[in-house]
Amino acid sequence: MNVIFFDIDGVIVKECGVAEFGYGFLIQLLSEPDFDLAARLEDLCVKPQYLKIAHETRNLVKGKHPVDKIKIFKQYLESSVKSDDAWCVTQWYNAQRRYIQKNYPIEQYIMPGIMSVFSSIQQLRSKHQIKVVAATANEQWQATWLLQYAGVYSFFDDVLGYQLESLTDQPRSKVEMLANYLQPIKNIKSKIMIGDGIPDMKAGRMNDCVCLGIGAEELKTAGADEVFGEEDYEKLVISIQKVVESK
1 MNVIFFDIDG
11 VIVKECGVAE
21 FGYGFLIQLL
31 SEPDFDLAAR
41 LEDLCVKPQY
51 LKIAHETRNL
61 VKGKHPVDKI
71 KIFKQYLESS
81 VKSDDAWCVT
91 QWYNAQRRYI
101 QKNYPIEQYI
111 MPGIMSVFSS
121 IQQLRSKHQI
131 KVVAATANEQ
141 WQATWLLQYA
151 GVYSFFDDVL
161 GYQLESLTDQ
171 PRSKVEMLAN
181 YLQPIKNIKS
191 KIMIGDGIPD
201 MKAGRMNDCV
211 CLGIGAEELK
221 TAGADEVFGE
231 EDYEKLVISI
241 QKVVESK
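Residue numbers for the sequence shown follow the numbering used here, beginning at 1 and rising by one.
One should not assume that every hint holds.
List time: in silico BS3-like cross-link candidates among lysine-lysine, alpha-carbon distance up to 27 Å [claimed, not checked]:
1) K202 x K189
2) K64 x K220
3) K235 x K189
4) K74 x K52
5) K202 x K220
6) K127 x K64
7) K127 x K14
8) K64 x K202
9) K131 x K62
10) K189 x K127
11) K202 x K186
12) K52 x K127
13) K131 x K235
14) K47 x K82
15) K131 x K52
16) K82 x K71
17) K52 x K71
18) K14 x K242
19) K47 x K14
20) K47 x K102
21) K220 x K189
22) K220 x K235
23) K202 x K62
24) K242 x K220
25) K71 x K47
26) K131 x K220
27) K202 x K14
28) K52 x K62
29) K131 x K202
30) K62 x K82
31) K242 x K189
32) K14 x K235
33) K14 x K64
34) K74 x K62
FYI, nobody ran anything at the bench for these hints, they're computed from the structure.
Construct all of the structure, not just a fragment, from the sequences and the given hints.
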């Protein structure tokens with residue numbers, strides 16, 4: 001069995017400001033006791049100072065469980081808002097969905113070249129056993145929604161994401177997420193992690209995956225075996241083929 005893990009944002013779909021908008025919306029919700037949720041979900045208006053904080057704090061929360069992100073933001077903001085953390089996550093993701101639907105039709109949202117990657121993996125499946133798995137720091141139903149919106153959900157055997165329930169009995173990092181998934185699988189020939197962030201490379205490296213990074217060369221210092229630009233998905237396909245067929 002071969003297992004290929006894909007991050008979602010920045011690999012399958014474009015980042016395009018969605019994450020920072022979502023964090024800005026969340027920070028505004030946590031900062032304003034009189035926050036008008038219905039109005040903000042309608043107009044998707046986030047004040048510039050909250051977007052600035054979102055940009056400045058993004059690395060503090062990247063890759064972490066959504067509820068842990070809420071706690072980090074509350075501490076950073078010294079927030080007095082008493083809303084339930086899981087409720088805050090739900091509203092944050094609701095806002096992100098609306099933002100994506102309003103601003104990014106599928107053809108503008110999906111990464112150029114990703115469909116050729118999936119097509120090539122489908123061809124490899126005629127000769128090799130391959131599980132294709134989405135592994136994301138999103139909550140699981142949000143991850144599923146993103147894949148469905150992008151029209152690629154059917155390519156995946158499993159979607160791994162965080163849960164808002166049973167917080168004490170689930171992974172709190174991608175390292176644990178991948179480890180828990182791989183543990184029961186027998187006779188693994190190869191494992192590949194494809195991602196655009198340091199947490200992706202760390203999770204892959206800690207689970208003995210071949211790590212293929214999308215984006216900045218600095219991913220090599222985080223454990224990437226190779227790094228590809230957004231325009232290099234044809235080269236990414238070649239690397240996936242080499243790993244699967246060399247085992």
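- [ ] Below or equal to 27 Å on CA atoms is what counts here, so check K242 against K189.
- [x] The hint holds at about 13 Å.
Task: Agreement of K52 and K62 with the hint, judged by alpha carbon distance not exceeding 27 Å - done: Holds, at roughly 16 Å.
Task: 27 Å Cα cutoff - pair K52, K127 - done: Given pair K52, K127 is violated - Cα atoms ~49 Å apart, limit 27 Å.
Open item on the list: Tell me if the straight-line CA distance from K74 to K52 falls inside 27 Å.
Closed with: 16 Å, holds
- [ ] Please work out if K14 and K64 have their alpha carbons no farther apart than 27 Å.
- [x] The given pair, whose Cα atoms are some 20 Å apart, holds under the 27 Å limit.
Open item on the list: With the threshold set at 27 Å, check whether the alpha-carbon distance from K131 to K52 stays at or below it.
Closed with: Given that 27 Å is the threshold and the Cα spacing comes to 39 Å, the pair is violated.
Open item on the list: Tell me if the straight-line CA distance from K235 to K189 falls inside 27 Å.
Closed with: Given that 27 Å is the threshold and the Cα spacing comes to 22 Å, the pair holds.
Open item on the list: Check whether the Cα positions of K64 and K220 lie no farther apart than 27 Å.
Closed with: 21 Å, holds
Task: 27 Å Cα cutoff - pair K242, K220 - done: 19 Å, holds
Open item on the list: Given the hinted pair K202 and K186, is their Cα-Cα distance within 27 Å?
Closed with: 23 Å, holds
Open item on the list: Hint check: K131 vs K220, CA-CA at most 27 Å. Holds or violated?
Closed with: It holds: about 25 Å lies between the C-alpha atoms, which stays within 27 Å.
- [ ] Sort out whether K242 lies within 27 Å of K14, counting only the CA atoms.
- [x] 26 Å, holds
Violated hints, in rising order: 6, 7, 12, 15; the structure is consistent with all others.
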